[in-house]
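Chain by chain, the residues run as shown.
There are 6 protein chains.
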Amino acid sequence: MPLPSVWLQELTWEEVSDYLKTETIILFPVGSTEQHGPAGPLGLDSYAAISIAEDAAKQADVLVTPPMWFGDSPHHLDFPGTISLRTETLVAVTRDLIHSLARNGFRKFVIINGHKGTNLAALTTACRNVHQYELPEVLLALVDPLFLAKGIAGIKESVEHHAGELEISHLWYKYPHLLRSGKLPQTAVDLEPVLSPFVHKDLFGGGKDSIEIFWNSKEQRGFAPTGSFSDSSKASVEKGRRYHDYMVNNLVNFIRWLRTYQGPVGGR
Amino acid sequence: MPLPSVWLQELTWEEVSDYLKTETIILFPVGSTEQHGPAGPLGLDSYAAISIAEDAAKQADVLVTPPMWFGDSPHHLDFPGTISLRTETLVAVTRDLIHSLARNGFRKFVIINGHKGTNLAALTTACRNVHQYELPEVLLALVDPLFLAKGIAGIKESVEHHAGELEISHLWYKYPHLLRSGKLPQTAVDLEPVLSPFVHKDLFGGGKDSIEIFWNSKEQRGFAPTGSFSDSSKASVEKGRRYHDYMVNNLVNFIRWLRTYQGPVGGR
Amino acid sequence: MPLPSVWLQELTWEEVSDYLKTETIILFPVGSTEQHGPAGPLGLDSYAAISIAEDAAKQADVLVTPPMWFGDSPHHLDFPGTISLRTETLVAVTRDLIHSLARNGFRKFVIINGHKGTNLAALTTACRNVHQYELPEVLLALVDPLFLAKGIAGIKESVEHHAGELEISHLWYKYPHLLRSGKLPQTAVDLEPVLSPFVHKDLFGGGKDSIEIFWNSKEQRGFAPTGSFSDSSKASVEKGRRYHDYMVNNLVNFIRWLRTYQGPVGGR
Amino acid sequence: MPLPSVWLQELTWEEVSDYLKTETIILFPVGSTEQHGPAGPLGLDSYAAISIAEDAAKQADVLVTPPMWFGDSPHHLDFPGTISLRTETLVAVTRDLIHSLARNGFRKFVIINGHKGTNLAALTTACRNVHQYELPEVLLALVDPLFLAKGIAGIKESVEHHAGELEISHLWYKYPHLLRSGKLPQTAVDLEPVLSPFVHKDLFGGGKDSIEIFWNSKEQRGFAPTGSFSDSSKASVEKGRRYHDYMVNNLVNFIRWLRTYQGPVGGR
Amino acid sequence: MPLPSVWLQELTWEEVSDYLKTETIILFPVGSTEQHGPAGPLGLDSYAAISIAEDAAKQADVLVTPPMWFGDSPHHLDFPGTISLRTETLVAVTRDLIHSLARNGFRKFVIINGHKGTNLAALTTACRNVHQYELPEVLLALVDPLFLAKGIAGIKESVEHHAGELEISHLWYKYPHLLRSGKLPQTAVDLEPVLSPFVHKDLFGGGKDSIEIFWNSKEQRGFAPTGSFSDSSKASVEKGRRYHDYMVNNLVNFIRWLRTYQGPVGGR
Amino acid sequence: MPLPSVWLQELTWEEVSDYLKTETIILFPVGSTEQHGPAGPLGLDSYAAISIAEDAAKQADVLVTPPMWFGDSPHHLDFPGTISLRTETLVAVTRDLIHSLARNGFRKFVIINGHKGTNLAALTTACRNVHQYELPEVLLALVDPLFLAKGIAGIKESVEHHAGELEISHLWYKYPHLLRSGKLPQTAVDLEPVLSPFVHKDLFGGGKDSIEIFWNSKEQRGFAPTGSFSDSSKASVEKGRRYHDYMVNNLVNFIRWLRTYQGPVGGR
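Residue numbers (my numbering), protein chains in the order written: chain R, 55 to 322; chain D, 55 to 322; chain L, 55 to 322; chain U, 55 to 322; chain S, 55 to 322; chain C, 55 to 322.
The following block holds chain R by itself, in its conformation from the complex:
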């Protein structure tokens, strides 16, 4: 791709117009601005989405929209600096972005959620309803590290929940100056008394029977006063590199597959 950048905001509309002559894929990185414990910066989830999107875009020669720095983070609101959109606001931002770009020819959107899990209610709602009720001709894919990185999660040595070993490693690898590595928590919150024996302890984990109990930001401040749920002392730049590259590689493969994809019923 001869375009001077993969980032839409750095291009002129004429350059985007040229891109659309041969390609209709675009990536949309969505993060959050929420506390990530004593060691992680507030933008951690956004940096995750940005770095995955940017590296995949460069390898696969596709465009990326400017990032959405704000996500759905209500349970972190009692920690200063957290910015949480209402679920319906994030639905609206996503919907408006898709409509805007679809108008001139983008047809395949890959939404990269850096805020593992919690943004999914909003992003799923936006994608499902836009595709069903508004723009059936537009194809929408939703990517989340929890599902994209299943195959690599085994490299971690601890239970991964909020501000866990893998996401801290990821930041360390890509944005080392933003990690306060001297402050990595060495213990995890015991979630069973907090959220029942049916709690889903490891976000990357599987098989156990679980029931979700909802908690709010005041409660979270109570049971996780440092902000972190996890022992991230086993985090490392090398784990971050493997985790990042694995996700980027999966995403690049998906984008290449998507290039010729004609939708769920193909050319039928």
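Mixed in with the good hints, there may be bad ones.
As the list makes no split between identical chains, a pair holds if one copy fits it or if it spans any two.
[As the list claims (entries may be wrong)] Listed below are the simulated EDC-like cross-link pairs for lysine to aspartate or glutamate, each with C-alpha atoms no more than 20 angstroms apart in a straight line:
hint	residue 1	residue 2
1	288	188
2	75	256
3	204	263
4	204	299
5	204	256
6	272	150
7	112	299
8	237	64
9	204	244
10	204	246
11	272	188
12	262	244
13	162	132
14	262	72
15	210	263
16	272	77
17	75	132
18	112	246
19	228	256
20	112	132
21	272	191
22	75	299
23	237	68
Hints listed in this document are in silico derivations from the structure and should not be mistaken for laboratory results. Since we're looking at a predicted model, the values are computed, not measured.
Please arrange chains D, L, U, S and C on chain R, whose structure you already have, making use of the hints.
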């Protein structure tokens, strides 16, 4: 419990008032009215939620609200008889129900989703935001067969997606007169060409890397013309019994635990 | 009709598809879950809608959707067990249901309101706006006992307001096990000092000049502490039978007329 | 009342402040801008609300807000000049007005609907919900000619529906220069074939069993091409005078009663 | 124009239908009901819009809709008598009015805002979005004294902010009986300490660097206890006449130009 | 300030907590992603907001939130790459951000709008209503180059409208690699035939009487096919430097003033 019924709608307000003197738990069964292939009735998901809720309530001596028969089922809308609420409508119904009952003393809600997965965006949105922004003193738990029945899913012999072996077995066990058992599909839709190599094929499955592609009802009618995605020929009353009892047992254990639960930060 | 049930939720989509080849009428029963005094169960209005709809459907060979158990009942919210939707939520549920079923060919909806009067603001709003702005080709009819049963109301011997003689009789006839017949109130609330000399005292009554004053649930608990407004001691199974049969008969006649109806401007 | 006007818009805020020292009642006239056949002006309903409100206010010494000229009139939209608000818009206007005036001490609102019947869904929704959920201390009354004038309706000689004998007489009496009296329709639309044998033919009428069928503006233009549904040839200034005075008299009596009213539970 | 009135509400639909045969322009006056200090009536902004619209309409032979008496006036809400719509409510009213009239052929709307500045967020939102997303064929123009009267503002002798010299003069000229001319404030509020050295002091003023600080009604009552921000002692009937005539003249010229205007891209 | 960054996203929540011990000001840069002609990148407005906010924050030692890259840009939607939020979406994002940060102690928000003018309807709506109805204790200021840079606008040599001399110069100074300086338009669109003789031609201009006509994206593509409205051939790095520094200087002075500001009624 000396109450004449576990169903709220069969009681007078004075009887409910008595119940609230010693207990504040209530179950809310949410289903759907959506096609379930040539053999399953449109109400299958609602019957699942109703039967799990009713049997658990009887064993654990708690109340159940009237069922919500309509869920979030957009991708089934091209099959006659399907009724789908907009996501925001289901959020609103759930929110209004919680507010109504919380007003007079119900404090612990267990939402039983019979419509595996797809209702979760709406139900999660409702629960998370009500607990964070509106009624922090009300505890909300969300139950879904996909997570409640992980430990029993191994009894099935086929890949389980929409109208799959386990949910068909469940209906067969509890509502045998509603199954057209002579019409059980014997083949499954191959979802890889439809939704990419990153498709999540088995709803009860785990570990594989996945990316979600959204499809709409017109496309679904195209790639799954019978309405079923799954081979349910291995369904049986016995599997339905084991699946049902396993979920009810888990749920009863959870309700008993919930009885003395004082929230994520307990009495602290 | 060779269909195995009049209830949509008990049919498969293929059976509904067959039905639509020769008929496009469907009934939608809407009730409430609200207190009905010391003798009536919380689901009374829903049972009214369900029983009228089911019996009319069987006689007229048409389908019925699953019932909506929740209505617009704000003034009952101070009585435990009452569940009230916001007006706009009930509008949305009704609108979504009509859109869903219209998509595959239902063209004539008969909404059966069991919650006399109070649901009408929401149901009227939904019907009027869907028919004007969204689906002009879909015909919508709204049925309410207050208007359907004018001609039989004379059989009652007392002033009928909330939890009155006729609606209690109706429940008694159709669901005798759900009435606490030993607890029927023998006195009525005097509404003149509560709601002005211009109050409309008898819901089935006519001619008097009236002005509506709105009251809320806290006030209602104050002026009607048992929950009932009415003396229902004259209620009887026989009156319930006559009331029910009269309404079902009217409804069946209407449905038969509707079968060949081509809309307000007919074939013009 | 020493105030220079009953109309709020003609007073300064200091004069209103003085008024609030001894009185908290205010009237809110709501009309419509919708076609009223070949003889009636588009503002007819608004003029009805304005004239009733103004004359009652002068007799009872209370204030009136500026009028709301736009109502909920979707079925008239195919006649040029009709302006219809969405139902939710009229709810919002009413809600905002009540909140604004309640903030500084108005406690008793009498809403005068000049647009018989059709505005009631919106106005009822606003009043019921504001009083239940938002401002329980504010008392709300809703007045409509259909209910306020039951006792005088017998003076008319024809069936009264849209643009009928009484409302035309009313305009003629109060705003004679706005009636095109030479164009009064002499025939009525036969509504039975249009809206079923269960149609409610006379808006002031009672007793007959009825079911509502909704029609839209395109259909109305078809079945009532002049815009009028009614034979208004029997209209007269004298009938208008009697109809107007009867309503004003009722309203004045109500306002006087309201002055000492302390709400549904009084001083209890 | 042979029509009996420029006011839509005084015409029948058939007369409007005739008008539409040769003209598609209509004016929509939007005001407010908000305090205007000790001398000005609450309706001042509405009277401004009404008088400009009516006089321009008469000179240019175009129609005017009924006025909207309520605007977006939150910062005046602590002064009795003020009625403020939520911004989204005013957007909705404007949108609904445009849709209604566009349906039968009005194509050019001139919105006359009498409430200088503050209504513009709502009116701009309505116009911009209706023209972009809903009715691109409808042309919308927005008129505000702050921009329409730039060339005449030099006649005033004092700084003009809320209830300032020019708007008071305007009322005095057109509605002399509504001004309490003996109560005109002789001093202005010094806004620099209230709203920073970057405050925009004179609403008709230009060139100075400014930053907007938002204030609410409680604060306004604090820093401007009479309700007026301005010294209006220099107001006069003659200035009102010149100000009014200047605006009407501009507006008439604009309407005449609009008559042959074919939109931003003309006949291209 | 000993904080490692002025950007919130680069800090941990504990660092933000420290900041709040002595300061409660935060800047929020809001831009757009919209076409800026053949020479300007799509992110131009966002870069303007980001650079002004960052430089002022560094000089005044205050924090900046992550930028909002998407604004209200409907009229640019026919140019590929433009992303426009609905007005209400931008209102919601702004409102949610303020609520989130106010929760833990931020009290003074300075919103930096880089998208001259067009975002103001949304940002004004958010600020005015949050301060009036939701968070009266939070002070909100709104900065826009059109008003902040009045005193320096005289340096430009051409009429400034979309993609004009000053905003192009600004980008050139701060982000020289993002300007396609070889493609600067040398002619401007003549807006009089497009938007009437009452058009407001120069966004920085003043005094002329004007009336706003709304145009949409399709029309804009027609009358301004390159996307630019302006002759920006006189743009230069030096003008950009002066324009930028002037705004930053004003903003720093404002922030220093704001530091001790106690609201419109001060400590009274």
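Comparing the hints with the structure gives:
no., hint, in the structure
1, 288 x 188, "neither (46 angstroms within a copy, 38 angstroms between copies)"
2, 75 x 256, "neither (44 angstroms within a copy, 35 angstroms between copies)"
3, 204 x 263, "both (18 angstroms within a copy, 5 angstroms between copies)"
4, 204 x 299, "within (13 angstroms within a copy, 31 angstroms between copies)"
5, 204 x 256, "both (12 angstroms within a copy, 15 angstroms between copies)"
6, 272 x 150, "between (32 angstroms within a copy, 18 angstroms between copies)"
7, 112 x 299, "within (13 angstroms within a copy, 35 angstroms between copies)"
8, 237 x 64, "between (36 angstroms within a copy, 15 angstroms between copies)"
9, 204 x 244, "neither (23 angstroms within a copy, 22 angstroms between copies)"
10, 204 x 246, "between (23 angstroms within a copy, 18 angstroms between copies)"
11, 272 x 188, "between (38 angstroms within a copy, 13 angstroms between copies)"
12, 262 x 244, "within (17 angstroms within a copy, 27 angstroms between copies)"
13, 162 x 132, "between (37 angstroms within a copy, 18 angstroms between copies)"
14, 262 x 72, "neither (50 angstroms within a copy, 37 angstroms between copies)"
15, 210 x 263, "between (22 angstroms within a copy, 16 angstroms between copies)"
16, 272 x 77, "neither (47 angstroms within a copy, 23 angstroms between copies)"
17, 75 x 132, "between (48 angstroms within a copy, 16 angstroms between copies)"
18, 112 x 246, "neither (43 angstroms within a copy, 26 angstroms between copies)"
19, 228 x 256, "neither (23 angstroms within a copy, 34 angstroms between copies)"
20, 112 x 132, "neither (38 angstroms within a copy, 27 angstroms between copies)"
21, 272 x 191, "between (43 angstroms within a copy, 11 angstroms between copies)"
22, 75 x 299, "neither (30 angstroms within a copy, 40 angstroms between copies)"
23, 237 x 68, "between (47 angstroms within a copy, 11 angstroms between copies)"
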